[in-house]
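Chains as they are written, first to last, in numbering that gives the first Met the number 0: chain S, 0 to 330; chain U, 0 to 265.
The set of hints was computed from the structure by calculation and includes no laboratory data. You may find that some hints are simply not true.
Each computed DSSO-like pair below joins lysine-lysine, with the alpha-carbon atoms no more than 30 Å apart [to be verified]:
| no. | chain 1 | residue 1 | chain 2 | residue 2 |
| --- | --- | --- | --- | --- |
| 1 | U | Lys234 | S | Lys30 |
| 2 | U | Lys234 | U | Lys48 |
| 3 | S | Lys26 | U | Lys234 |
| 4 | U | Lys48 | S | Lys26 |
| 5 | S | Lys30 | U | Lys48 |
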Amino acid sequence: MRHVPQPESRRGPRRPAASHGAPPIHKPHWKWLIVSYFFLGGLSGGSYVVATVAELFGHTDDRDTVRIGRYLALLALVPCPVLLILDLGRPERFLNMLRVVKLRSPMSLGTWGLVAYGGVAALSAAAQAGVDGLLGGPARGLRSAPRRLIGALGAPLGFFIGGYTGVLLGATAVPIWAKNARLLGPLFLSSALAVSCAAISLVLALLPGRREDALARLRRAETAASACELAAIAAIHLNSGSIGRPLASGRLGRLRLAGSVGLGILCPLALHALGSALGLPRRLVAVVASLASLVGGFTLKYAVVMAGHASADDPAATFEYAGGQPPAPVR
Amino acid sequence: MTPGPKRLGFLTDATLCIGCKACEVACKQWNQLPMDGLELTANSYDNTKDLGASTWRHVAFVERFDGARPSFDQPPFQSGWLMLSDVCKHCVRAGCMEACPTGAIIRTEFDTVVIQQDVCNGCGYCVPACPFGVPDLSMFDGKAHKCTLCYDRLTDGLEPACAKSCPTDSIQFGEVPRLMERARNRIEELRRLGVSGARIYGDDELGGTGGIGGLNAFFVLTDEPEVYNLPANPKLPQDETLPGLLSTLGAAVLLGVGLIFSFRKR
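Bound-form chain U, shown alone (with noise of 0.2 Å):
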């Protein structure tokens, strides 16, 4: 592969996701991410929690579970357990990378976004700009993190380290385009299967991406967004900027006339 004028990205399909956890280990090889420590949530077989600083690939186990007492006819497919390994969505109006006063986030000849290590200085705005929770500051650094897409892979012409390591092809690598035509069958195939609740979750076409336009790293899901943590509709936050300035300068108007006219000569 060469770089290009090129959408890259990731197909992840919440059907096809076993919980192997492969995706979060190879990412942590190639990455040389640090390990999270060995706290188990006690609830649940996800032990990474959360996608951070350190965790670029999250696999999580949303148990089902809608009654006092456990159901043990089930039905056969997508029963008791969800799972879903999230990552960074690359999204097309990316949040972080608005935020960033440093510039040290960037969108890539691929058209993914990445934070430049050599620039970041950890302020740490991005954090909580992200709708989706994705980057962090890390403890060891100070700096902030969040998945690449494998951008030093990409460069070699490799597919990124979690695509590559996933046995079942939940996660699937390629160019956008290409991937939603492929989650579009794939929602079809389910449907005649009948899995009724399936959808894509990250295409500007169908909804569910807010003020984001379109996720580069977007998900096929057989359940409501908010049933794997991900917001409905998550909006831009810089959207705001504009209005929240506007509005600030009507009060600044307005607490200027009450100064001058507390102040005045009578």
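Same shape as in the complex, but just chain S (with noise of 0.2 Å):
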């Protein structure tokens, strides 16, 4: 017989088998169609938040950037029900998504904030249509919509989809997801802004005309961001114990882990430290950069999806997150 790897016991090292050491839980279906919904959905609630800073706080030269921002969060959902919908077991039930509000359930709360968040991207990319001069006859009447306090409105829901996700995970019974509960929604919120900020200087770097003061500025809220990221992956590292395997241990999670933190976020930092003192073209650097920054933020939302199934798999993960007190002998 197959001797199977044993939960360790605070009674004793050796445990019985349990039974030929089945994974206690099951893992979800999801894979790259969810990873991705995770990417763009990110991609497009974090460039609605930045459009609207920027608008509401940014300089006149900033106007680009808004401007890109609110094209770049409706053109990246418009994928994301797709993909969604193809993910489901039965497609054509999708709308039964929308038969209830369940307040303690993140899939439920993420599709309620989904529909009313695509209502003003769609609105926001509409005004700015009209002010850009894209829209003819009534539609035209859209550029004078009150911008900047569609944008306010819509800004929490832009960081409700960007973070919500990663609750959702956490609110599992998958060890490594459900043991960081608390650091998954701050984790994929600030990777969001930072594959943002990304997505929307390498638009500007590839667009003519002098525009290194917005570039720096978005440069500047990328670094805040990617600080955040990585201090809540340090986060999830410590808290993890050995409930963190699956995340860096591998030859697949390191290569998850380098992808991650090294391309997405050490790499863009060196990449504009390196470009400024070796006086390289600061257009290509941007482009270079965000390049790398919007692949490690894909690389992220992998990494994470993927350790969940290995944790899941992990029958000591299940059995050392859910341990504590057995049950206690009758009386």
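Combine both chains into one complex, guided by the hints.
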């Protein structure tokens, strides 16, 4: 008989094999569709927030940042419902998500949040299109919509879309997610804002014209978000203990970590530092750093989802997370 | 039996299970569940391995093997093999039900937890939300499935198929308070017989249910729950929803201030 790895016990190191080591919980089926949604939803919500802050607090030369942010928020959002619906076992029943509101189910909250956010993101993008003279006929009236007010009201929804996905993963029985339920939301949100700054910078750097100041402000914002992201990653590693193994161990684990931290956070910082030291063309540096940041942001979400799969398949992790006092013998 | 404000459930006594799998077969027949294939685990008499979309009763075969060499002098009772017919616990606070975004998962008039098949859209969130790994998505219809405690039989006054078919009464069906009393008596009896490890798994008063608040389908075990592949202290996943949202709100405030400082006029 194959000897199955045993959960550690307080009462002794050796335990009888738990029925041939089958995982005591089920892992979710979520793969590329959901990872892509996590990335694009974060990009959309983050772009909306960045555009709003740039509109309310920025300079006159941040106008293109606002414009790109508004369009990007809508463009990144459009594939999201498609990805989510395709992931359902019964896609034709997607409207059943709108039967009920359940405040303790992050997926229900997220569904309603996405509906509301979709409305404001479309409205803001339409108002921007009106200002940019892209709309004709009666739709042109949208250019006089209160854009700053809509942006201010929509920004909390943008934050929500950027962060709720982490809460959704945390509210499961998957040990590595559940153990970090209070850190995954902040992690996903800061990653969302970092990739949004990177995506807006990328478009800005590819457009003609001098935009050094606007790019510098976006870079500052991205650095702030990346610092939060790094802090959240560090906190998760400290908080997870042995449950955190799938995030960092194994060749794939190391690759994911190197991708999300190395490529997503450290590489852009290093590129900007090196770029100014060596006098490289700023626009080129901005483009390469933004691409690295975007790939890193995607890798992070992939890493967190796949670590959950590995964690759910590890009986020792479940027994450690859901350990504690076993049922007391009667009387 | 008439529908009413009753708490119905199972008492599954592992000390009486002989591993015949009549419950698995009766469940599949009554609920018209597809077969799981002809896979063998090759290290156990267990061929269904796990609870899943098409296995709502799973007889776990736990071979106790605690050394390099097999021992020939084994205790006369609950010796080398432990057997347990695992099933949906019909939790008092059900993680699957709280996770379900469509409201497909409901609590019935029998205090059981049932997935309405005409509502479920196969989002799969209940699957990782169950701390016991019970519901799963079917590859045939894309929807989530699990034990219904034979809801259709209950409405007709019949006991669930597994309990009906169990030849040793290892699976007992009835009102939860009565079953619990029976379980406590059984524990006392087992202790008198010298089974010091006998315990109830799934009684809120005795602990072991964590944040679940009690299990309507509970178990009499003779060893620690992990031995039977059950978590000792399962938590209700949705107890982390509000703290998670609040910490995300905190991060949003912090990041918002950081953004404002990055963009503000100087």
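Status of each hint after checking the structure:
no. : hint                  : in the structure
1   : Lys234/U with Lys30/S : holds (25 Å)
2   : Lys234/U with Lys48/U : holds (23 Å)
3   : Lys26/S with Lys234/U : holds (16 Å)
4   : Lys48/U with Lys26/S  : holds (15 Å)
5   : Lys30/S with Lys48/U  : holds (24 Å)
The structure is consistent with each of the numbered hints, conforming to all of them.
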